[in-house]
Each structure stands twice: as C-alpha cells, then as structure tokens.
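Starting from the known structure of chain A, arrange chain B on it as the hints suggest.
Keeping their order, the protein sequence lines are chains A and B. Once you know that position 135 of the first sequence is 135 in the UniProt record's numbering, the rest is easy, because the numbers rise by one and skip nothing. Once you know that position 253 of the second sequence is 253 in the UniProt record's numbering, the rest is easy, because the numbers rise by one and skip nothing.
Read the hints as simulated data drawn from the structure, not as lab findings. Don't take every hint at face value.
Said to hold, decoys possible - Mimicking EDC-like on lysine to aspartate or glutamate, the simulated pairs with C-alpha atoms at most 16 Å apart in a straight line are:
(1) A:Lys180 with B:Glu402
(2) B:Lys162 with B:Asp148
(3) B:Lys424 with A:Glu37
Stated by the list, open to error - Computed from the model, here is a short list of chain A residues facing chain B with C-beta under 10 Å:
(4) Gly30
(5) Ile117
(6) Ser237
We treat Cβ as the ideally placed atom computed from N, Cα and C, and that holds for glycine.
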Amino acid sequence: MKVTLFTTCIVDMFRSNVGKATVELLERLGCEIEFPESQVCCGQPAYNSGYVKESKEAMKRMIETFSNAEYVVSPSGSCAYMFHEYPHIFAGDPVWEPKAKALAERTYELTQFIVDILKIEDVGAKLEGTATYHTSCHMTRLLGVKEPPIILLKNVKGLKFTELPGKEQCCGFGGTFSVKMAQISEQMVDEKVRHVEETGAEYLIGADAACLMNIGGRMGRLEKPIKVMHIAEVLNSR
Amino acid sequence: MAMKIGTEQFKERVDNGLNDEFMRGAVASAQDGMSLKRRAVTTDELGNWEEWRNHAEEIRQHVLEHLDFYLEQLSENVAKRGGHVFFAQTKEDANEYIRSVVQMKKAKKIVKSKSMVTEEISLNAMLQEEGCEVVETDLGEYILQLDDHDSPSHIVVPALHKNKEQIREVFAEKLGYTKTSKPEELAYQARVTLREKFLEADLGITGCNFAVAETGSFSLVTNEGNADLVTALAKTQITVMGMERIVPTFEEMEILVSMLTRNAVGQKLTSYITVLTGPREDLDVDGPEEFHLVIVDNGRSDILGGEFQSVLQCIRCAACINVCPVYRQIGGHSYGSIYPGPIGAVLTPLLGGYDEYKELPYASTLCGACTEVCPVKIPLHNLLLKHREMIVEKEGKAPVSEKLLMKAFGLGAASPTLYKIGSKLAPTALNPFTSGDKISKGVGPLKAWTEARDFPAPNKERFRDWFKSREKGDK
Chain A
1 MKVTLFTTCI VDMFRSNVGK ATVELLERLG CEIEFPESQV CCGQPAYNSG YVKESKEAMK
61 RMIETFSNAE YVVSPSGSCA YMFHEYPHIF AGDPVWEPKA KALAERTYEL TQFIVDILKI
121 EDVGAKLEGT ATYHTSCHMT RLLGVKEPPI ILLKNVKGLK FTELPGKEQC CGFGGTFSVK
181 MAQISEQMVD EKVRHVEETG AEYLIGADAA CLMNIGGRMG RLEKPIKVMH IAEVLNSR
Chain B
1 MAMKIGTEQF KERVDNGLND EFMRGAVASA QDGMSLKRRA VTTDELGNWE EWRNHAEEIR
61 QHVLEHLDFY LEQLSENVAK RGGHVFFAQT KEDANEYIRS VVQMKKAKKI VKSKSMVTEE
121 ISLNAMLQEE GCEVVETDLG EYILQLDDHD SPSHIVVPAL HKNKEQIREV FAEKLGYTKT
181 SKPEELAYQA RVTLREKFLE ADLGITGCNF AVAETGSFSL VTNEGNADLV TALAKTQITV
241 MGMERIVPTF EEMEILVSML TRNAVGQKLT SYITVLTGPR EDLDVDGPEE FHLVIVDNGR
301 SDILGGEFQS VLQCIRCAAC INVCPVYRQI GGHSYGSIYP GPIGAVLTPL LGGYDEYKEL
361 PYASTLCGAC TEVCPVKIPL HNLLLKHREM IVEKEGKAPV SEKLLMKAFG LGAASPTLYK
421 IGSKLAPTAL NPFTSGDKIS KGVGPLKAWT EARDFPAPNK ERFRDWFKSR EKGDK
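So here's chain A without its partners, still in its complex pose (with noise of 0.2 Å):
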C-alpha cells in the first residue's frame, strides 16, 4: 500500500526520530512510502490565533501537495485533523472545497490509520517498562481517534500500561496559547505532569509531538525522570 507521509513540521524540524520511526513502522507493516518535499505547515498556528487569511495560503500548498495521494497518514492527530477542517474552512469556494474534501476523505492520524486501514492490531513491538498515554485533545475529540493507540499500545509486549488520571484534560498547549497565556500554560502542564507522576510510570506516551514537547519540556526543567516518547517510536521498538 502507498503512504504519503505528512510528516508535520515540528517533526521535521524538531523531532525527527518520530519521522523515521513512522517510516520504519509503516515500511515494516507492507507500505511503501512517499515523502513530498514541497509540504510545510498545515496552517494551524496562524489559524487558531485568528489570522484566516495568511493561513490559508498554506493550507492551499498542502492541498496541492498531496492531490495524487492514496493515503496520508500523520503522526499528529492535530495536524491531520486540521486537513480534516480544510473543507469547513473553504466551504464555499468552488475550486478549493472539493478539493480540500478529497483530501480529508483520505487523511489518518498514523494509528488510526494502521488499525482501521491496514488492520493490524498488533505491530509485534516490544518495550520493557511501565508507561502512560496522554489522549491528545485534537485527536481523540475533533478527529475521533479514541481506541486504536491504546489497541495498539496494549499489544505492544513488556510494556505495562497504567491509565493516567484526569486524561480527558488538555496539557495546555493549545498553540500560540502556550505562549499567550503561558502562566495559565504553565499551571495546566504542571497538573498533567503531577498526574503522569502519580502513574509511577517509566514512559509518557503520547500520539502528538506537540503535547509532547508542552509536557515534556515542562518535566525537563523540572528534572523529572520521566521518559517521553512518542507513539510511532513505541511502535517501532523492537
């Protein structure tokens, strides 16, 4: 099966293991992967702070980008609901709209994508430790995707997973929020990090750089010894 890969910008500048885990994951799981060098950014920092116009000059881009792709997965849930959004936000015009609907009808989050397309529930991984997953609100809210990371997470063997409490809370990134209001920012993480801390986990696990960055970052300045890794690098543990 050919996968476009829409690795989101934060992976490719910042987290670029996740990339090449979701590569190695999916290439090991049958699919042949494509990585369009033209993609940027999705659009969502400019258009959750207001700024519609600048930010559909990029969503246009990566419409294009990807108009001959079969499948695009991203290892974001946010970021791929935003391709999600495309056909709202152009609802109206007669060129971009069915185009950006074609390109939603064909975009997944990575697990969404490796349980409801491929099928696989269990990606033969193997992790020693005891983790926790932070349900993204993106993710798991606007795109839907609630089950298959935990599916694939409980598959995962050596791995014991703990709940963690009060997951239906957002971290406080919300985008340009963590930098707006970064001392109501600072609090929410602070109660996310108390929370994964209670687990008495190993790993924090989670299916969205960013969250990721907001809640680890905040666990590095507090020198937690908690190790944050992303889903696709779980997956792709061996």
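For chain B alone, coordinates are given in the frame of chain A:
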C-alpha cells in the same frame, strides 16, 4: 451588578486567580465531582445520549429560527391570563419599566430568586437607588450579597469560590451568627433570616429557565424552593427573561429541563421544578395578584441571524464551565464577566464588545471539551475561533508584533523554498540559546515558553534530509 465584574485588567485578574490556592482547589474538586455526577445521569444512564443532544439542539435551533413567532405567541398568552408583558430592547428600558412597577406599587421590600439576566442588566443597583431593600434568596447569591456584593464566579454555583469557613465569617459579621461552619447550621441560619424576608416582601422578582409559548407559562428550576416562596407570597411578581429562553410547548420544556438539571447539577430532576402561569386566579390559594413579564433583548437580536447565533441555544447549564481546563486554573472572576468559562468567553464579547473583552476568546486551548459536553451542541470552541478571526481581521485589534509574525508565517508556510531555507537555518540561528538538545532561555516568542519549559533544539538533520539521503541509498 452589571455583566462586567471588577475593575482590573485581564492579566491582573488572572494573576489573582492563579494565586488563590483555595479557590483553585475548590474549583478543581467541584469540576471533578460534577463530571462524575453528570456522566452518571447523561451518557451512562441514558445510553442514547447523542440522540438527546441532537433533539435538544433541534428544539433550540427551531425556536431561534422562529423566535418572532414564539415571542408573539408567548406575549399573547401571558396577556390572556391577565399578565402584563414588556419587551425591553435595552437594559435601561428593562430597568425603567421595572422601576415604574416598583413606584406604582410603592414596593419597598423585594425578594429575588436566582437570575443571571437581572445581573446582566444591573437590576439590583437600580432597585437600591429607589430605596428598596433587595434580598437574593438563592443561598449562593445570598452569601455573595451579604459579603458586600461579591461577584458570582459560576453561573449555577455562584459562590463556588468560597469555603464554609469564609461563609461563617460573613454570617458572623453581617448577621451576628455565633455557631460553627457546619453547612447544616449555616443553611439553618439562612433559612431563618430569609423566611422573614419572604413574609415581609411586597414584590417578588424571578428569572426564567424556560417560558412556554403555547400556554404563557414559565418555569423555574431550584433545589432550595426559594423561587416558590418568592412567587407564592409577594402580591406583585416580576419575571425577567432573556428573549431567547422560550420553548414552544410543555413537551419541549420537559426535555430541556431534563437536559438542564442533568448537566447543571448531575441530577435527573432538581428538588423543585415550578411552572407558573399568570397572576393568581379566583380559586388559587396563593400566587401574585399582579404579574409582569419583562423580556430582555439587550444585544441578543444583534446576535440572531449572524455567525454567532448558536450561542443563543444556551440553556445556562454550565456543563462547559465544569469541564474547562482553563476555568479550572483561573476561576470565574478572571473572566471579568458574570458569564465565565467557555460560554462566557463567547457570549461576553458579543454583549459587551471587544474593547472590554478582547482577551477572553484567547483564554482557551481550543481543546474542545466544552463543545463535546454541551447538551445543546453549541460549537463553543469554533465560536472562540470565530471571535479570534473577527478580532484580527475585522477589528484589527491584534498586537503589531503578532501581526508581523503571522505575516511572516503566511509567507514562510506557503512557500516550500522559504520554509526549507528557514528550517535549515534554524539550528544555526538558535545555536546561541541552545545547550545540548534543549533551549532553556529563549527570546522572542520562545521567551514565554521557556519561562517554565525547555524547548527542544532543532535537529541538525531534519527529517526531510534523512529521508532524502535514505532514498539516495546513503542510509
């Protein structure tokens, strides 16, 4: 009290909120407790919860689409039953009408049951100007009123920010209370004091949860029964409602009352659900001799028919407030409005303008918890986004530095070449701030981030470089 509370700027209010350890603990445990209770009587008990939400949304949308029809029907039916109806376009109109009734009746002692819309129009201030004694009879509101008119921090549980010890102090100072801070004893004191007020009152004022157009009735939902005393004892009654708070018939009222109580307090029904129609009739043993219904617009018609219309679907259950992770940290007073939380962040700027409330739409991570929980399916986080778009593009109220940054974003993100160059240069540009694999003290937009968090240093080899060399067979 007007819609606006306090005089501080947003930042100052948030600072106060964040520093109030007690309030934050109370809010967090109230949120956690409420969520469990709500879930038990919504998703868990009803099973087909989404059907309930769809139905409730449909009812509210139908009413808003035909609001002119239902307002007329309601007015006619109230008048038929001998009630007086006044349609107030502004809060001043509402207050003037109520003032005229108060003067005509020579009313001096007034009891009120809980009503957000009367807070919105600053009714109590006007009544006090008239020399009336106004007593709030909802226990939460009563506590706030006694405490030198402290502001509500929640639309259903207005005194959420106070603990029983603080309440004991207020009672001791204002009522000469000498007992303990046991809730039962405090409540008993309030009952004794308020009973006198009910018996003395010559005018009762209530809000309205839902008005029934077909019969000219209106409903009140309480757990304390105070609304029943307000409406049963005083000779004259004034009911004040927001113009959108209508249902066509009792059938829809039943559904929405159930949605309200389940979502607001996690109860299948509240202790009292009172439905009243017009003034006392010949065979009635109690009820007012004279009944006035004041229907308040105060900016609502401007919302109707526009991009924000769905906010008028709100049934004031506060479910969105009870799940909001931002409200959880900063509490209600930080919003500077009697309407806090996600619903407040959407509604307040619409009623009070962006000049005063431009920060509120940004006080959200857009996590969508509010939208997910709303029983009448208001797309709250989308409306917050819509506000941001209005502030940036129509009002031009965004900071210049941010505008420039976003302009650069627009250029950079839309151009693969610029993006490639920019992301390639990032490690070098950020090098002075980088130590190992992290940035601990950033500048520009990174400064606020690194106050509390490390920021990852950009990878020397971007993913795209790795992929390219791998394709070439280098790796």
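Quick check on Ser237 of chain A please, does its C-beta sit within 10 Å of some C-beta on chain B? At about 19 Å, which exceeds the 10 Å cut-off, the nearest Cβ of chain B leaves the hint on Ser237 of chain A violated.
Lys180 of chain A and Glu402 of chain B were given as a pair; does the straight-line alpha-carbon distance stay at or below 16 Å? The given pair, whose Cα atoms are some 10 Å apart, holds under the 16 Å limit.
Lys424 of chain B and Glu37 of chain A: Cα distance at most 16 Å? holds, 13 Å
Given hint Ile117 of chain A near chain B, where the shortest CB pair must fall under 10 Å: violated, 22 Å
Quick check on the hint: Gly30 of chain A CB to chain B CB, less than 10 Å? violated, 18 Å
Taken at face value, is the distance from the CA of Asp148 of chain B to the CA of Lys162 of chain B at most 16 Å? Holds, because 14 Å separates the two Cα atoms, which is no more than 16 Å.
Of the hints listed earlier, those the structure fails to meet are numbers 4, 5, 6, in rising order.
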